[in-house]
Amino acid sequence: MSITQGQRLRSPAPATRAVAQNYGPPAAWIVAALLLILPLIANGFFLIEIFGTTLILGIIALSLMFLAGYGGMVSLMQLTIAGFAGYMFAIFGSSGSANISLNWPWWLATPMALALATLFGALCGALAVRTEGIYTIMITLAVGSAFYYFTNQNWALFNGHTGINTIVTPHFWGVDWRADTPFYYVILAVAALCFAAVSYLARSPFGLALQGARDNPRRMAALGFNVNAHRVAAYAFASFVAALGGILQVWNYGQISPGSVAVDRAIDILIIAVVGGVTRPVGPFIGALIFVLLRTFALDFLVAIGLDGNRFRLIIGLGFLVIVFFSPDGVVGLWERWRRRSAPALTRPSGGGGHG
Amino acid sequence: MTKFIERNPLWALVLLAVIALGLWLIFAVWPQGLEDAIGKKKVFLNAVFNGVTLGGLYFLVASGFTLIFGLMRNVNLAHGSLYLFGGYIGYGISVWTGSWVLSFVAAFVIVALVGIVMQILVFSRMEGQDLRQTMVTIGLSIVFADLMLWAFGGDFYQVQTPDWLVGPVQLPFLTAVKSSGESVYLSYPKVRLVIFAGSVVIGVAMWLVLNRTRIGMIVRAGVDDREILAAMGVRIRLVFVLVFAFGAGLAGMAGVVGGTFQSLSPGEDTRFLLASLVVVIVGGMGSIPGAALGALIIGLAEQLGSVYIPTYAIVVTFVIMVAVLAVRPQGLLAGR
Chain A
0 MSITQGQRLR SPAPATRAVA QNYGPPAAWI VAALLLILPL IANGFFLIEI FGTTLILGII
60 ALSLMFLAGY GGMVSLMQLT IAGFAGYMFA IFGSSGSANI SLNWPWWLAT PMALALATLF
120 GALCGALAVR TEGIYTIMIT LAVGSAFYYF TNQNWALFNG HTGINTIVTP HFWGVDWRAD
180 TPFYYVILAV AALCFAAVSY LARSPFGLAL QGARDNPRRM AALGFNVNAH RVAAYAFASF
240 VAALGGILQV WNYGQISPGS VAVDRAIDIL IIAVVGGVTR PVGPFIGALI FVLLRTFALD
300 FLVAIGLDGN RFRLIIGLGF LVIVFFSPDG VVGLWERWRR RSAPALTRPS GGGGHG
Chain X
0 MTKFIERNPL WALVLLAVIA LGLWLIFAVW PQGLEDAIGK KKVFLNAVFN GVTLGGLYFL
60 VASGFTLIFG LMRNVNLAHG SLYLFGGYIG YGISVWTGSW VLSFVAAFVI VALVGIVMQI
120 LVFSRMEGQD LRQTMVTIGL SIVFADLMLW AFGGDFYQVQ TPDWLVGPVQ LPFLTAVKSS
180 GESVYLSYPK VRLVIFAGSV VIGVAMWLVL NRTRIGMIVR AGVDDREILA AMGVRIRLVF
240 VLVFAFGAGL AGMAGVVGGT FQSLSPGEDT RFLLASLVVV IVGGMGSIPG AALGALIIGL
300 AEQLGSVYIP TYAIVVTFVI MVAVLAVRPQ GLLAGR
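From first to last, the protein sequence lines are chains A and X. Take the first sequence: its letter number 91 is residue 90 in numbering that gives the first Met the number 0, and every next letter is one higher. Take the second sequence: its letter number 194 is residue 193 in numbering that gives the first Met the number 0, and every next letter is one higher.
Okay, chain A solo, but in the shape it has when bound:
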């Protein structure tokens, strides 16, 4: 419980509200500006392999953050929903597997995939809300691994363990939207939208009711809220976000296979969200950046210090353990605590008198 409980005790609400009125901290604007002009600075590898992948994984982890942070439901099936959306796009769109793909145009296949994935996520969510807390993890993990084994076994729809390859990505208005720079802006726009939607929803009546249901479901039920309906709606919204991430992922790689929805990958999403922090929407993106940087450079780093380069997952696992042990609210929590500890020492002597 502690991962989601930790934040309840010291709610960050007053701080965020004050910040929001001042149009956010300057650091956020600098980061946003940097992200916008990034294609001028970074080349293709950094643009897509590092930042594009970070944003995509961040979107999927953001959906988990929404469920875990505001709903208190730790769902391990967010990657499965993303993968489902990806598979649906591959099946309805065009790909190298002509006997499976239906060759719909992308503007029809994408909404279809999003709608089906949202439906799938909402149905599985309706299943998961029949139980609570710790059981949610078990059921969503079972859903995720069942889907993984199903895609492996099934050849008629999912083409078995080879998966679906050379998926056709959108190409319109004379722009190849899979080319590095346009694709980066597509990812950035979707990520910004998802970020804004989650931030907005958290403060909307729905989000507040959801957080109420997280903190005390019985009281919320007594107040006349339909707790389960709120939770299923949260699953539906999170599934939509995850499905957006899944479609971007399929456009990125141009292929999808059971390996993309494997259980390890699903757990990676949990690691990203927890390492970044599930108390703020920005957490998953920070976690994703750390994860992608580690995944990309761990090999070189490990070899450089004279270790076996293949032990990337060991580092990820140990890092995750350290975070869970010492900072249950992730890197975001570490940073907040550090700021709170250092802030009084810095500001009180100089500017403390005037404003209080």
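Worth flagging that the hints you see were computed from the coordinates, not collected in a lab. Every residue, glycine too, gets a C-beta built ideally from N, C-alpha and C. Some hints here could point you the wrong way.
[As the list claims (entries may be wrong)] Here are the simulated distance ranges between beta carbons:
#	chain 1	residue 1	chain 2	residue 2	range
1	A	Leu333	X	Val13	53 to 59 Å
2	X	Gly127	A	Phe325	41 to 47 Å
3	X	Val193	A	Trp103	37 to 43 Å
4	X	Gly38	A	Ala228	53 to 59 Å
5	X	Leu22	A	Ser203	55 to 61 Å
With chain A fixed as given, assemble chain X onto it according to the hints.
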């Protein structure tokens, strides 16, 4: 049982009909029409036996899982790693000493020791924080999986079956009657039957210990209310350590069984973790008879599914889980 029949006469009747149909399918000589429709009886009987024996293996893995969950509310997602680790230990010991029985003992003891270390160093420090404990077990399972991949590589290992268990055994189950009037009986690998018998013995022993001894009484009381039990002066932490060690040891032993039945390779840990999860969700969290029933259902569903609807076999398992969650969210045989 009688209460169940009184309360749900219709369901009891349906259940009875299903059991009767199953028994008829197993014991009767199939009429020609049935064989034409769904294939030979031998295939069916083999699938049933594979399912039941696989259920025995699932029971060994899942009973430790459910015991740990029932007492400590700790969803040990590293349980699959303990299974695989036990399998590798058993493989190493059986290659080194050549003794199959010794490999079981060694796997049980070593994995139980790992369980003790985990409980003392990790879980006892975050008692009562279910979600954090679960996160830790996820982290541990990643670390264990990578360490084992490092040590044993990605190869397939199989534990050598001892000579006295190699070969088939004739069972008194008719598979067909030849035109000459001669009856053909089912022959089935001896080792799987012996292992199944072993898991039944372990299951019955666990039930007896839980229901007839003092330590079992303490564990059952702990499942119901551990705070009150601790207040009564029982050294609950010691009980926690013992139960965790036993559950982990069972998983390790199951690893040797799995290594003999099938094979050991990276990825098996996830497979058996999933199996335990589904078994426990279906049977009821924290209930040993529930784990037995769930293991039997899931084992049968998996094997029959893979014979009759190969590309949708996993869906059968999943549908069973969904159905149970829809009708009885707490599991079929859950106490509460």
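A range of 53 to 59 Å was offered for this pair. Does it hold for the Cβ distance of glycine 38 of chain X and alanine 228 of chain A?
46 Å, violated
Assuming the hint says 55 to 61 Å, is it satisfied by the Cβ distance from leucine 22 of chain X to serine 203 of chain A or not?
58 Å, holds
Verdict for leucine 333 of chain A, valine 13 of chain X (Cβ pair) under range 53 to 59 Å
57 Å, holds
Has the hinted range 37 to 43 Å been met by the Cβ atoms of valine 193 of chain X and tryptophan 103 of chain A?
Roughly 56 Å apart at Cβ, these two residues miss the hinted range, so it is violated.
Confirm or reject the claim that glycine 127 of chain X and phenylalanine 325 of chain A have a C-beta distance inside 41 to 47 Å.
Violated: the Cβ-Cβ distance is about 19 Å, outside 41 to 47 Å.
The structure shown violates the earlier hints numbered 2, 3 and 4.
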